[in-house]
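> Quick note, the sequences are listed as chains A and W, same order. Residue numbers -6 to 107, in the numbering used here, belong to the letters of the first sequence in order. Residue numbers 5 to 117, in the numbering used here, belong to the letters of the second sequence in order.
Don't take each hint at face value.
Okay, derived cross-link-like pairs now, DSSO-like style, lysine-lysine, Cα gap no bigger than 30 Å in a straight line [what the hints assert, rightly or not]:
| # | chain 1 | residue 1 | chain 2 | residue 2 |
| --- | --- | --- | --- | --- |
| 1 | A | 64 | A | 4 |
| 2 | A | 4 | A | 50 |
| 3 | W | 72 | W | 60 |
| 4 | W | 109 | W | 72 |
| 5 | W | 109 | A | 50 |
| 6 | A | 4 | W | 109 |
| 7 | A | 64 | A | 50 |
| 8 | A | 64 | W | 46 |
| 9 | W | 60 | W | 75 |
| 10 | W | 60 | A | 7 |
| 11 | W | 46 | W | 109 |
| 12 | W | 60 | W | 46 |
| 13 | A | 7 | W | 109 |
| 14 | A | 7 | A | 50 |
| 15 | A | 4 | W | 46 |
| 16 | W | 75 | A | 50 |
| 17 | W | 60 | W | 109 |
| 18 | W | 75 | W | 109 |
| 19 | W | 46 | A | 50 |
Ranges of calculated distance between the beta carbons of each label pair, as one might list FRET restraints [as the list claims (entries may be wrong)]:
| # | chain 1 | residue 1 | chain 2 | residue 2 | range |
| --- | --- | --- | --- | --- | --- |
| 20 | A | 0 | W | 64 | 27 to 33 Å |
| 21 | W | 45 | A | 94 | 22 to 28 Å |
| 22 | W | 56 | A | 73 | 38 to 44 Å |
| 23 | A | -4 | W | 61 | 18 to 24 Å |
Sample of chain W residues lacking proximity to chain A, with all beta carbon distances greater than 10 Å (derived) [said to hold, decoys possible]:
| # | residue |
| --- | --- |
| 24 | 24 |
| 25 | 26 |
| 26 | 49 |
| 27 | 57 |
| 28 | 75 |
| 29 | 83 |
| 30 | 84 |
| 31 | 85 |
| 32 | 86 |
| 33 | 88 |
| 34 | 105 |
| 35 | 106 |
No wet-lab data here; the hints were simulated from the structure. The structure presented is a predicted model; accordingly, all values stated were derived computationally and were not measured. Ideal Cβ placement from N, Cα and C applies to all residues, glycine included.
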Amino acid sequence: DTGVSQDPRHKITKRGQNVTFRCDPISEHNRLYWYRQTLGQGPEFLTYFQNEAQLEKSRLLSDRFSAERPKGSFSTLEIQRTEQGDSAMYLCATPSTGGGNEQFFGPGTRLTVL
Amino acid sequence: GESVGLHLPTLSVQEGDNSIINCAYSNSASDYFIWYKQESGKGPQFIIDIRSNMDKRQGQRVTVLLNKTVKHLSLQIAATQPGDSAVYFCAERMGGGADGLTFGKGTHLIIQP
Chain A
-6 DTGVSQDPRH KITKRGQNVT FRCDPISEHN RLYWYRQTLG QGPEFLTYFQ
44 NEAQLEKSRL LSDRFSAERP KGSFSTLEIQ RTEQGDSAMY LCATPSTGGG
94 NEQFFGPGTR LTVL
Chain W
5 GESVGLHLPT LSVQEGDNSI INCAYSNSAS DYFIWYKQES GKGPQFIIDI
55 RSNMDKRQGQ RVTVLLNKTV KHLSLQIAAT QPGDSAVYFC AERMGGGADG
105 LTFGKGTHLI IQP
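Model the full structure from these sequences, guided by the hints.
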């Protein structure tokens, strides 16, 4: 149990549709990270939050991607007008409760765009 | 380009043997490194980490070695077990303390019975 849940675990959508994924840390963390992982590759950093503030946006893949963390707890990642190239695993991570530098990942949301 | 990479995409070892997974990084300013294990269909699982001011760190059955001179990182797993079969990723922190991690492509470790 990494202390992070993600919903849904799997999402199949048609090209052009919008999708939204949710990340719920079990305990409070001031930082929260989003990554994308395509088949056969390592995770790729997208963005992160310090409480409600999104501190890094430049690595989001395009302006179709956006993320929010309105109350500093759960976070959502939205992809608008999905493309087949968006098919990937979307991972959320939070730091350790002990204040270390480790990042602990959730189980991910597997997106398939048809 | 990618700043963290792995030498071998697949490593096969006999159960009970020790395994060594290697990783090269290119960002000499990186100050923190992590090894993750990822099983099929799951998120990456933290194994062990090391700061750049150290050259060795040991955990339970795992040891990470850092050679900053040649920018090389390795993960040693002692007495491998079937449950060690997975893809292993090294990752480096991009800087600033709270930034995201840069991952390599991974090594698939296969444990032969």
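> Each hint needs a verdict: does it hold in this structure or not?
Structure-based check of all given hints:
| no. | hint | result |
| --- | --- | --- |
| 1 | 64/A to 4/A | holds (25 Å) |
| 2 | 4/A to 50/A | holds (24 Å) |
| 3 | 72/W to 60/W | holds (11 Å) |
| 4 | 109/W to 72/W | holds (20 Å) |
| 5 | 109/W to 50/A | holds (23 Å) |
| 6 | 4/A to 109/W | holds (24 Å) |
| 7 | 64/A to 50/A | holds (18 Å) |
| 8 | 64/A to 46/W | holds (27 Å) |
| 9 | 60/W to 75/W | holds (14 Å) |
| 10 | 60/W to 7/A | violated (48 Å) |
| 11 | 46/W to 109/W | holds (16 Å) |
| 12 | 60/W to 46/W | holds (28 Å) |
| 13 | 7/A to 109/W | holds (28 Å) |
| 14 | 7/A to 50/A | holds (26 Å) |
| 15 | 4/A to 46/W | holds (15 Å) |
| 16 | 75/W to 50/A | holds (29 Å) |
| 17 | 60/W to 109/W | holds (23 Å) |
| 18 | 75/W to 109/W | holds (17 Å) |
| 19 | 46/W to 50/A | holds (26 Å) |
| 20 | 0/A to 64/W: 27 to 33 Å | holds (32 Å) |
| 21 | 45/W to 94/A: 22 to 28 Å | holds (26 Å) |
| 22 | 56/W to 73/A: 38 to 44 Å | holds (39 Å) |
| 23 | -4/A to 61/W: 18 to 24 Å | holds (23 Å) |
| 24 | 24 | holds (19 Å) |
| 25 | 26 | holds (15 Å) |
| 26 | 49 | violated (7 Å) |
| 27 | 57 | holds (13 Å) |
| 28 | 75 | holds (17 Å) |
| 29 | 83 | holds (24 Å) |
| 30 | 84 | holds (22 Å) |
| 31 | 85 | holds (21 Å) |
| 32 | 86 | holds (22 Å) |
| 33 | 88 | holds (19 Å) |
| 34 | 105 | violated (6 Å) |
| 35 | 106 | violated (7 Å) |
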